[in-house]
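Let the sequences and hints guide you as you build the complete structure.
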Amino acid sequence: MLKIRLKRIGRKKQACYRIIAIDSRAKRDGRSIEEMGFYDPLTKQSRINFNNIKKRIEKGAQVTKRVEIILTKEQEYSNNSK
1 MLKIRLKRIG
11 RKKQACYRII
21 AIDSRAKRDG
31 RSIEEMGFYD
41 PLTKQSRINF
51 NNIKKRIEKG
61 AQVTKRVEII
71 LTKEQEYSNN
81 SK
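Position one of the sequence shown corresponds to residue 1 (full-length UniProt numbering), numbered consecutively onward.
One or more hints might be untrue.
Okay, derived cross-link-like pairs now, BS3-like style, lysine-lysine, Cα gap no bigger than 30 Å in a straight line [to be verified]:
1) Lys73 to Lys59
2) Lys55 to Lys44
3) Lys54 to Lys44
Derived CB-CB ranges, DEER-like [to be verified]:
4) Gly30 to Gly60: 13 to 23 Å
5) Arg25 to Glu76: 17 to 27 Å
6) Gly10 to Glu68: 32 to 42 Å
7) Lys65 to Lys27: 10 to 20 Å
8) Thr72 to Leu42: 17 to 27 Å
Simulated from the structure, these hints should not be mistaken for lab results. Every residue gets a Cβ at the ideal spot worked out from N, C-alpha and C, and that includes glycine.
Take a look at the structure:
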């Protein structure tokens, strides 16, 4: 099963995350199938490719809770800024 989840990058105590599609049996920082964006919790910056995420979800990928929270916040922000 394919999951859309976070992959930790960055230095110690300065975590940054990539939003990736990965096999559910793989390690957290294992080899990803596709990178779909990033999220930095310290600066609250993010860049997300919503089109690729929608395509993966339509094909049966499951989104983790944390990624789902990030996506809803970003969609609300992008809708308000237009």
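Here is what the structure says about each hint:
| no. | hint | in the structure |
| --- | --- | --- |
| 1 | Lys73 to Lys59 | 23 Å, holds |
| 2 | Lys55 to Lys44 | 25 Å, holds |
| 3 | Lys54 to Lys44 | 22 Å, holds |
| 4 | Gly30 to Gly60: 13 to 23 Å | 20 Å, holds |
| 5 | Arg25 to Glu76: 17 to 27 Å | 33 Å, violated |
| 6 | Gly10 to Glu68: 32 to 42 Å | 22 Å, violated |
| 7 | Lys65 to Lys27: 10 to 20 Å | 19 Å, holds |
| 8 | Thr72 to Leu42: 17 to 27 Å | 20 Å, holds |
Hints 5 and 6, counting from the list given before, are not met by this structure.
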